[in-house]
Each structure stands twice: as C-alpha cells, then as structure tokens.
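**Student:** Sequence:
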Amino acid sequence: MDVLGVFDGHSGWTTSATLRQNLISYVATELNNTYKAVAEGTPSSDAIELAIKTGFNRLDTEIVHNSVEKVFKASSKTVAAELLQPALSGSCALLSFYDSRTNLLRVACTGDSRAVLGRRSDSGKWTATALSEDQTGSNPNEANRMRKEHPGEEHVVRNGRVLGGLEPTRAFGDAVYKWSRETSFKLKEKFFGRTPSQLLKSPPYVTAEPVVTTTKVTPEKGDFLVLATDGLWEMLTNDEVVGLVGQWIESQAAGRQSKSQFEVAWSKIMGTQGNGALPVEKGADTGAEGQKTPIRLHQWGVDPEAKNRFVVKDQNVATHLVRNALGGTNDEQVCALLTLPAPFSRRYRDDLTVQVIFFGNGEKTGEVLVNPEATSPDENPKAKL
13 MDVLGVFDGH
23 SGWTTSATLR
33 QNLISYVATE
43 LNNTYKAVAE
53 GTPSSDAIEL
63 AIKTGFNRLD
73 TEIVHNSVEK
83 VFKASSKTVA
93 AELLQPALSG
103 SCALLSFYDS
113 RTNLLRVACT
123 GDSRAVLGRR
133 SDSGKWTATA
143 LSEDQTGSNP
153 NEANRMRKEH
163 PGEEHVVRNG
173 RVLGGLEPTR
183 AFGDAVYKWS
193 RETSFKLKEK
203 FFGRTPSQLL
213 KSPPYVTAEP
223 VVTTTKVTPE
233 KGDFLVLATD
243 GLWEMLTNDE
253 VVGLVGQWIE
263 SQAAGRQSKS
273 QFEVAWSKIM
283 GTQGNGALPV
293 EKGADTGAEG
303 QKTPIRLHQW
313 GVDPEAKNRF
323 VVKDQNVATH
333 LVRNALGGTN
343 DEQVCALLTL
353 PAPFSRRYRD
363 DLTVQVIFFG
373 NGEKTGEVLV
383 NPEATSPDEN
393 PKAKL
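Residue numbers for the sequence shown follow the working numbering, beginning at 13 and rising by one.
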C-alpha cells in the first residue's frame, strides 16, 4: 500500500512536524491490528476506515491531552514550553492510501487541504473529481455539524470561523479549542498560559477525526491524484489544476516526439504557451460542494478568463502547478510573490505544498509512478522556479 500526504501547519510549525514524524506510523499500527484481526481475506471497508480514524484520533490525544498530563507532573516551565508547543499550534492533514492490487484509493482529510482526482474522459479531455471537502466554518456541512454538537451556542461558528477565530473545523493541535476551561485556567496559573475565550462553553470544538472517502482508480484512463494545501486552491479551481496537469502531460508527450536539440533546449528555457484553453471539461467537476473558491485572483487584479495565463516550462509537474498558481506567464508576479518576506507574504499568498501522483503506466500496471526530475534542466538541479 502506498501512503502519501501533506501537512499544513498554522500558528507555528511544531504540530505539522509532529504529524510528519508520527501520523503515518500511528495509522499503520491501527491498520496492522485491523488486518491481523481478520483470519482470512481482507477487513471490511468500514473496518479500514475506522482504523484510519483511530490512528488520527490517537495521535491528537497524545498531542493535546497526554502532553498536559506530563506537564502537570513535571511542574517545569521549560518542560511545559517544549511539551505544549505541538498542542498550542495546529495543523491540517491529508493522507491518501492506494492499494495497487484492488485499485482502491482512500483519502483521509482533516482540515482544508484538498484531494482532486483527474481522469481522461471519452472526449480526450480531463475531468476533475474532488475527493475531499474543505473543512472550514464556511462549509455548510461543517457549520451544521458543529451547531448540532453545540446546541444553543450561536457563536460556535462566527464569520466562517470556530468561535470567530479558527478557520478549520478539524485540525490536529489547536488545544485552546479542545481543553476544558479548568485545564486552560490551570495552565494559565502555573505556566502563564492564555485566558480561555468567554465563548468556550462545551469543548472540544475542533476534532482531528478525518472524513475518509474511497474511490476506484482506473489506471488505463490515465488517472492521477493531486494533493495540495489550501494555498493552491486559493489561486486555482479544481478544473484548472486538473487541466494544467493534462497540459503538462501533453507537453511531455510532445517533447518525446522528434525535435531538434535546439527546440528541446529552447522549450526547457522559455517554456511553451497554450492558446488559453486547458484540456479539461469545465463544469464537469464533481464533489466540489462545500469547497472554497479561488480568492487571490481578485486580490491580485487578475482576470480569470484572460487568455495565455498559463505556461509550461517545468519538468516537475508539481512545480508546474505552483508556477501557474502564482502567475504563470507573468514572471514578474511570480517573482514578487516568491520574494515577499514573511510574515508580510501571508497577506498575498498562503504556504504551498503540492503532490501529484500518477497511477500506473497505461494498461500495464496500477502501481504509482514517480517523477524525480527537478525543475532546472541543469546537471546539478537546484530547488528553484
């Protein structure tokens, strides 16, 4: 089974670092126990889904609650600062699990990162299918869930945020939305912690339990999966992302056809521009309900319908997506957005983490393929755009 994921931290880096180091192993332990419990065959889909959720919840319990117990036992401000950092910051998590024997793809989402499947249709163009929802207070499904869990609390979701503060409704860490008032006050008295919000009446308000979806992958249709943090989806629609990957695939195929060495070198350096039409069936995007729409184009003064917005000049498809999200053919804008120093850059763009996974090689296999090529055509590639 292939497991891939992205972790998007907020209010600090310690929670996402903890997930990177531990989440897959926690889930793997639960899956191993689930498979061992079945004498013959494989566990049911419900059992596998429960194992994934249990792994997520166990790690969050360790981060948020077990750390507090250790802090109270230690009674040391130095120890408290170290143990509580992953609890006080937060992180979203998006994991995918692919079984090449059955071609089943499971996606577990906690937070507002997003998974989108690309598939070639009979027309030859690509279609986009969202495999996750953005779990924020602006999502009616999440807002309704929270109101049911906290009846009578009119401000449980305010301005699209949990208690008016946190945007993701599901996340690891973010303990101030999970600790009891008693625990919060105890930490404040002993370790100079924050005063809990007056709106905090019936915690926890935020959960790390993921929503898990299962999809049958069709390698012979050229299926691919895009996993990305919300920074990408603030700039591009699902259709655009899938169309851009399709554009990159076509460019790679064209590059393998007979070309002079000069033409190959020139395309690597300068890139190629399309006619403005991405090879995607627009409007065919399914599962996009409850998802945020791109907000940055209006902020940047970019016309989403403008022709020749996009360019193909990267050997790495994830870099191709990031470049076109930041400006595409507008090199000055790309450079400006990349060189803005933190924390000022946060006003104009969010962090960007992107993975693109291709399922198999035509009809030969359903295994995941890896594209290790870097962006730079130099012999010694550097991490740059």
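Please keep in mind that the hints were generated in silico from the structure rather than gathered at the bench.
Just so you know, not all the hints are guaranteed correct.
The calculated lysine-lysine pairs, modelled on BS3-like cross-linking and capped at a C-alpha distance of 25 Å, are [as the list claims (entries may be wrong)]:
id: 1; residue 1: K202; residue 2: K213
id: 2; residue 1: K294; residue 2: K319
id: 3; residue 1: K228; residue 2: K65
id: 4; residue 1: K65; residue 2: K85
id: 5; residue 1: K89; residue 2: K228
id: 6; residue 1: K294; residue 2: K137
id: 7; residue 1: K294; residue 2: K82
id: 8; residue 1: K82; residue 2: K198
id: 9; residue 1: K304; residue 2: K319
id: 10; residue 1: K202; residue 2: K85
id: 11; residue 1: K65; residue 2: K160
Derived DEER-like restraints, expressed as beta-carbon distance ranges [claimed, not checked]:
id: 12; residue 1: S23; residue 2: Q345; range: 25 to 35 Å
id: 13; residue 1: V50; residue 2: S112; range: 49 to 59 Å
id: 14; residue 1: F356; residue 2: E94; range: 28 to 38 Å
Ideal Cβ positions, reconstructed from N, Cα and C, are used throughout, including at glycine.
**Student:** Give a verdict on every hint.
**Tutor:** Now for the hints, and whether the structure bears them out:
no.: 1; hint: K202 <-> K213; verdict: holds, 22 Å
no.: 2; hint: K294 <-> K319; verdict: holds, 15 Å
no.: 3; hint: K228 <-> K65; verdict: holds, 20 Å
no.: 4; hint: K65 <-> K85; verdict: violated, 29 Å
no.: 5; hint: K89 <-> K228; verdict: violated, 50 Å
no.: 6; hint: K294 <-> K137; verdict: holds, 10 Å
no.: 7; hint: K294 <-> K82; verdict: violated, 53 Å
no.: 8; hint: K82 <-> K198; verdict: holds, 14 Å
no.: 9; hint: K304 <-> K319; verdict: holds, 24 Å
no.: 10; hint: K202 <-> K85; verdict: holds, 12 Å
no.: 11; hint: K65 <-> K160; verdict: holds, 21 Å
no.: 12; hint: S23 <-> Q345: 25 to 35 Å; verdict: holds, 28 Å
no.: 13; hint: V50 <-> S112: 49 to 59 Å; verdict: violated, 20 Å
no.: 14; hint: F356 <-> E94: 28 to 38 Å; verdict: holds, 29 Å
Taken one by one, the earlier hints fail for this structure at numbers 4, 5, 7, 13, listed in ascending order.
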